[in-house]
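**Q** Protein chains in written order, with the numbering used here: chain U, 1 to 310; chain H, 311 to 620; chain R, 621 to 930.
Derived from the structure by calculation, the hints contain no laboratory data. Think of the CB as a built atom: it goes at the ideal place given N, C-alpha and C, for glycine as much as any other residue. Certain hints may be false.
[To be verified] One-sided and incomplete, this derived list gives chain R residues near chain U with beta-carbon spacing under 10 Å:
no., residue
1, S631
2, K653
3, R676
4, S681
5, G687
6, R889
7, D898
8, T900
9, P901
10, V926
11, E928
12, L929
[As the list claims (entries may be wrong)] Over 10 Å on every C-beta distance to chain U, these chain H residues come out as not near it, computed from the model:
no., residue
13, L334
14, S396
15, G406
16, A408
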Amino acid sequence: MVSLKDRDIISFRDFTKEEILYILSLSKEMEEKAHPDLLKGKVLATLFFEPSTRTRMSFESAMKLMGGEVIGFVDPGATSIAKGESLRDTVKIVAGYASAIVVRHFLDGAARLVADTVGIPVINAGDGSNQHPTQTFLDLYTIHKTKGTLDDLAIGFIGDLKYGRTVHSLAYALAHFRSYMYFISPPSLRMPPDLLKELSERGVKFQEITSLEEVSDRLDVLYCTRIQKERFADPIEYGKVKGSYHLSKATLDRSKVKKTLKILHPLPRVDEMDESLDETPYAVYFQQAHSGIPVREAILASVLGVKELD
Amino acid sequence: MVSLKDRDIISFRDFTKEEILYILSLSKEMEEKAHPDLLKGKVLATLFFEPSTRTRMSFESAMKLMGGEVIGFVDPGATSIAKGESLRDTVKIVAGYASAIVVRHFLDGAARLVADTVGIPVINAGDGSNQHPTQTFLDLYTIHKTKGTLDDLAIGFIGDLKYGRTVHSLAYALAHFRSYMYFISPPSLRMPPDLLKELSERGVKFQEITSLEEVSDRLDVLYCTRIQKERFADPIEYGKVKGSYHLSKATLDRSKVKKTLKILHPLPRVDEMDESLDETPYAVYFQQAHSGIPVREAILASVLGVKELD
Amino acid sequence: MVSLKDRDIISFRDFTKEEILYILSLSKEMEEKAHPDLLKGKVLATLFFEPSTRTRMSFESAMKLMGGEVIGFVDPGATSIAKGESLRDTVKIVAGYASAIVVRHFLDGAARLVADTVGIPVINAGDGSNQHPTQTFLDLYTIHKTKGTLDDLAIGFIGDLKYGRTVHSLAYALAHFRSYMYFISPPSLRMPPDLLKELSERGVKFQEITSLEEVSDRLDVLYCTRIQKERFADPIEYGKVKGSYHLSKATLDRSKVKKTLKILHPLPRVDEMDESLDETPYAVYFQQAHSGIPVREAILASVLGVKELD
Chain U
1 MVSLKDRDII SFRDFTKEEI LYILSLSKEM EEKAHPDLLK GKVLATLFFE
51 PSTRTRMSFE SAMKLMGGEV IGFVDPGATS IAKGESLRDT VKIVAGYASA
101 IVVRHFLDGA ARLVADTVGI PVINAGDGSN QHPTQTFLDL YTIHKTKGTL
151 DDLAIGFIGD LKYGRTVHSL AYALAHFRSY MYFISPPSLR MPPDLLKELS
201 ERGVKFQEIT SLEEVSDRLD VLYCTRIQKE RFADPIEYGK VKGSYHLSKA
251 TLDRSKVKKT LKILHPLPRV DEMDESLDET PYAVYFQQAH SGIPVREAIL
301 ASVLGVKELD
Chain H
311 MVSLKDRDII SFRDFTKEEI LYILSLSKEM EEKAHPDLLK GKVLATLFFE
361 PSTRTRMSFE SAMKLMGGEV IGFVDPGATS IAKGESLRDT VKIVAGYASA
411 IVVRHFLDGA ARLVADTVGI PVINAGDGSN QHPTQTFLDL YTIHKTKGTL
461 DDLAIGFIGD LKYGRTVHSL AYALAHFRSY MYFISPPSLR MPPDLLKELS
511 ERGVKFQEIT SLEEVSDRLD VLYCTRIQKE RFADPIEYGK VKGSYHLSKA
561 TLDRSKVKKT LKILHPLPRV DEMDESLDET PYAVYFQQAH SGIPVREAIL
611 ASVLGVKELD
Chain R
621 MVSLKDRDII SFRDFTKEEI LYILSLSKEM EEKAHPDLLK GKVLATLFFE
671 PSTRTRMSFE SAMKLMGGEV IGFVDPGATS IAKGESLRDT VKIVAGYASA
721 IVVRHFLDGA ARLVADTVGI PVINAGDGSN QHPTQTFLDL YTIHKTKGTL
771 DDLAIGFIGD LKYGRTVHSL AYALAHFRSY MYFISPPSLR MPPDLLKELS
821 ERGVKFQEIT SLEEVSDRLD VLYCTRIQKE RFADPIEYGK VKGSYHLSKA
871 TLDRSKVKKT LKILHPLPRV DEMDESLDET PYAVYFQQAH SGIPVREAIL
921 ASVLGVKELD
């Protein structure tokens, strides 16, 4: 039996392959059928020490669509923290008001600290540059839904692979399956060597390249991330990189991508992906964002113990 | 059959007389009887890119009184927009989290853009100086409720008739009915000529005057608006105007108004209407504000398709 | 019959001993049994003109756990007040959207003004330095729950007794019962003479001292408050006071306190109470904070008229 009852959802590293598949399967069930009374009487506290409208709204919608209730705050300035209260005290008190906590914090490791402090399930909605596991679950769910499998796929990651936490977490998660990975980035924004070493040890086959053209005809999935100007000391260097990693309908028409290619992006996008892409069959990033609802429903229902796998 | 299922509520210009009467009649039904489970399982997203506590709270209360749920934000600073995301992307994502959107935005035309972008119903809760149609519905509802009709009334509009969007929209809406309009304002704040021309073409009889005294004994309804200091280059000019358009119990006692006169105001008021007025039988502006609940219930139930007229 | 239907909860001075005992007894009932549909169809407006995350979240959770709904704001900047609207107008309008109001305001007396303005029940969640009656109810509830009685206890109050409104209100409330009070504070932060006079007149036995050691072996309950730096003209003086009123496991081990001593604190704490205290059997302040839920459930259910005492 797989049960995530009372489990904290802090890092993807805490999950077995079996547990991942269970969450994906439960997400599908959630998407196919409404569960309007599943979490009646349960209260979720959403503690956003740093804003993230998309993530907060999708957790709130998920909770409410299952009949649960939500309390919370979005502004650290409006809390007792402004009076000097410790994070531990704040969450100890909130734990008495709620059945589970979703926390987003600007510091790496904050979610684990919260989970170690309280007795109710804690879900990490992003802690600093560290982890954002529910994003990875919905990335996996979208790949699985649009490609029908997580195995034997050629998956490209493009953009800022050095600082992009969604890429690190997704690559780690996909290592449970038999997919080939292409890491496409400027030399200064490559995947962290430690993570590559770990992927190798787990038997992942991958290749590091600098241009999409080299592999565009082979890819089943392309996962894009935003390249942030702040990562470059030299604005001219940033301008060059930005241009060569910009995706549009025209870029894709020029390169010989598979007709079945699916493009994902954790959003928000700024310059790296043109709106012309939106109407192509490649674009699944809005569908990906919408998957936040069933995937977060599945996670909430699991940790609150109302759903288990026999 | 009148159905507003899946309709966007952007401008009063989009509604036929039959549709207006249907919303007013449904609002009455909503006021007379609780509908606690009508919108169970539906989620409303309230996207307030500019604050409007009254409007937001009345939409939220309306939704919740019908068993629906609400997600949303009130602060553009706390959203992905701060990261440079386009309005179109933001609302495309939110459309996957909700059954309908209420949007308030500081730019004219923003609500129409949102409606054109998403596939779920969008309700305009005010876009710049442009439209605020649910306010007009509740203005009409209050006139109809307190006077028993929308026809054959003498209706005065007083204050800032140049910039006041509620006045423009209400005058436009009332043109569907047979009422006489008096536009009472300082010369610099008269009704826009284009709108007057349009009213004429639609057969509306009206008169422009500068002082309430000229018509006070004839009015059935007086609709007041705030005169904002920022509209005057010369503060002395503002002071004069302010004084002569200030309403109080004493002003009304002096002028020979009908005993059945009803005074409306979209609120908030600042200086233009004295608290002494509140306890007179003329004052219906708080009742008007409270009508926001049944009127918005009617609109939400209509666009979400749970109420139709046979 | 005791009924608090339609009552405002503004100051502890408005309650009889019988009413206090009724709320405590109803709080116990609320804690022991879920009431998921008790307030279905009721809407609570939480108007926080000044932030108080803990209080707001516990009211919201209480309301929602009983099936009620919540609307509100936390930021005065985002309201019509910013446009110059009076507090009276704001709450008159909100009264049309809700079944009850919880208000927190930075001005003394604001809650009474709100209660006098609207026809629905108003609960004071803190007005300036004045009153915070639901905090006092949960303080009483915690003492009663952990000691089994409110009579014949030796109760110490330590810290800032001059400005601490929770202390004033709790001492006033406890005067209904037969307990001995020790007021432990630096000379500059003693209890207000007027309040001491009133306690005397009501037959309370008490003693003012400057050091916990003098009475530590006699206390059944110790109620701590934060000493704020701003209260001292001289930072050196503050440093001295702070040191001598700092509580830790070590402090308590040195002094000969009863094994059954219970330590309360309204929280947030900053320096005055060490985390080492948390795991001792003395510490009940997190339990005290969590009591906010059943106590506020009891108060909401009472004023909304769904619970009465035969």
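**Q** Now look at each hint and say whether the structure bears it out.
**A** Going down the list of hints, with the structure as the test:
no. : hint : verdict
1   : S631 : violated (24 Å)
2   : K653 : violated (12 Å)
3   : R676 : holds (8 Å)
4   : S681 : holds (4 Å)
5   : G687 : holds (9 Å)
6   : R889 : holds (7 Å)
7   : D898 : holds (8 Å)
8   : T900 : violated (15 Å)
9   : P901 : violated (17 Å)
10  : V926 : violated (17 Å)
11  : E928 : violated (24 Å)
12  : L929 : violated (25 Å)
13  : L334 : holds (30 Å)
14  : S396 : violated (8 Å)
15  : G406 : violated (3 Å)
16  : A408 : violated (7 Å)
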